[in-house]
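**Q** Assemble chain B onto chain A, guided by the hints.
2 protein chains.
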Amino acid sequence: MTEYFDNKIRVFAPATVANVACGFDSLGFAINQPGDIVEAVLQDEPGVRISEITGENGRLPTEPEKNTAGVAVLALLEHLEETRGIEMSLHKRMPLGSGLGSSAASSVAALFAANELLGRPLKKGEMLPFAMKAEASACGSPHADNVAPGLLGGFALIRSYDPLDVVSIEYPENLCCTVLHPHIELRTEDSRRILRKHIKLQDAVIQWSNLAGLIAGLAKSDFDLISRSLNDIIFEPVRSLLIPGFDNVKGAAIEAGALGCSISGSGPSVFALSTTMDKAYEVGAAMKEAFSELQLDSDIYVSAVNKKGPRVLQPEEDPVQPDL
Amino acid sequence: MTEYFDNKIRVFAPATVANVACGFDSLGFAINQPGDIVEAVLQDEPGVRISEITGENGRLPTEPEKNTAGVAVLALLEHLEETRGIEMSLHKRMPLGSGLGSSAASSVAALFAANELLGRPLKKGEMLPFAMKAEASACGSPHADNVAPGLLGGFALIRSYDPLDVVSIEYPENLCCTVLHPHIELRTEDSRRILRKHIKLQDAVIQWSNLAGLIAGLAKSDFDLISRSLNDIIFEPVRSLLIPGFDNVKGAAIEAGALGCSISGSGPSVFALSTTMDKAYEVGAAMKEAFSELQLDSDIYVSAVNKKGPRVLQPEEDPVQPDL
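As you go down the protein sequences, you meet chains A and B in turn. When we follow this note's numbering, the leftmost residue of the first sequence carries the number 9, and every step to the right adds one. When we follow this note's numbering, the leftmost residue of the second sequence carries the number 9, and every step to the right adds one.
No lab work stands behind these hints: they were computed from the structure. Treat the hints with care, since some could be wrong.
Pairs count within a copy or across copies, as identical chains cannot be separated in the list.
[Unchecked claim] Okay, derived cross-link-like pairs now, BS3-like style, lysine-lysine, Cα gap no bigger than 27 Å in a straight line: (1) Lys-208 with Lys-141; (2) Lys-228 with Lys-316; (3) Lys-287 with Lys-228.
Values in this document were obtained by computation on a predicted structure and should not be read as measured data.
Next comes chain A alone, as it looks inside the complex (with noise of 0.2 Å):
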């Protein structure tokens, strides 16, 4: 059994979905599985070690310039013009590239632990910036809609990037996830280059018009009017052509009774929202069943919101496990 003394410590941080069907680029939420794991001790020498990454057959480098966990502590550090190192390890608990955010959680992950052994002097909003450095540093663009959600908890609206100006939006206590990850990868800059830069504005008219209700919606727990907001006639009907058997999944999602259905992110993993656990659970055997039928695999995740961002782990404690 691992000790545990001040100067280690272990944090486990949340998988998000991003675009929420209507609201591409400006609103994501987390969800209380699957996530990232960071073992994290503090060191006299200065600057970031990345001893070990389990998960994901070792496909993520060490080298905490190439690593967003490291790209991440390497920034907060620097910021803080700390004379002290962290030195962790990572332990990749979701799949990359699965839309669900997985770079984001594991930068935010080692961001709360270095910040915790470092005696908290930053708030968790205010580690935003270092974790967007390292999503520019995975995908190229300092997205925040995913990293958050992560770092926040619950619903975050990224109203304005210039300056930032990141939203947390009330949602009822009760909302529910279910998650699809099908057992294929897509790489997001493969996902964004298959969208036109130029969008009909009719279409614009009525993308907006559903994440206005979808937002007032979440803001009064209406969940019918949530559930008459989740569409996305813009992005969905051009990316789920990359998710083999989409529609089929979608469609046994709502018969299940999910408020709605649409790709996490940019893709692969499908998400669906509920009102209830046992619907989640009963939307995610739906899902899992329609989606075998193409002969791939696929893990399922239910969970509700998560509410607070990453949190610490107790020694032996594991918060991941699929479902389905």
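**A** Positioned in the frame of chain A, the structure of chain B alone reads:
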């Protein structure tokens, strides 16, 4: 002094501010003034007769089929399969082509009056299709972003047209509006024609992020968030070219402490939101002064957000008066 019997009624319907900066073709709200007044009398004979129109220099036709108030009530009577009819006089207390929902105010006042005289067979929301039919007759398309807030009061989101889904949006009680109506006229068609049919995806993301912020700010009475969100980066830069002095008027409003300022509907009226009536008057004075530098005249209307839409007036009551 006019005598009032059960078969006669006098109704006020409010002006409305559509678009609300970032909610193009999607969001609108009603204000306590200006607006239109309809006097209506129940008749034993079927059909609609418009006996008189005051205001706007007799520019509006009294043939019911050519007048939004007439079209709306004809549609209502037909829907109800009424054997009785309505005679009405319409008092235009707000300018045509002002961007304040002038045609909507007339049809909403007429519908509400007729429905009351007929024993209130419909709820306010149920009259929306008839008001939309009148809008279609006036401007070619059945827009709801003036008639919906006009009928229901407050802020109304048109989440969807097909099927029609109008959502009342929560807002802070003390929100006040200043309207500058420049004495120039813009036809909605002209103001729509200069808009492009396609927009940049990156602009759309900024626009819908602001709309999401506005809805969230209204719902949680966060005036600072409302203020930060009141931006229109797509339409205002184009449409404001048709409004002389717009940049100066907006600058003056912000300088005087308004939460935000943009074009009302398709213009030329300009609206600003404030947190108190006192502030809204100060903002109005600053806007009027900025506009007067062009040697053009203008009216300023200051009022709280209208809560309930149309209402029955007392015999001599006159709710419309420019404040400056």
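**Q** Now tell me, hint by hint, if it's right for this structure.
**A** Quick rundown of the hints versus the structure:
no.: 1; hint: Lys-208 with Lys-141; verdict: between (32 Å within a copy, 25 Å between copies)
no.: 2; hint: Lys-228 with Lys-316; verdict: both (20 Å within a copy, 20 Å between copies)
no.: 3; hint: Lys-287 with Lys-228; verdict: within (21 Å within a copy, 29 Å between copies)
Violated hints are absent here; each numbered hint is respected by the structure.
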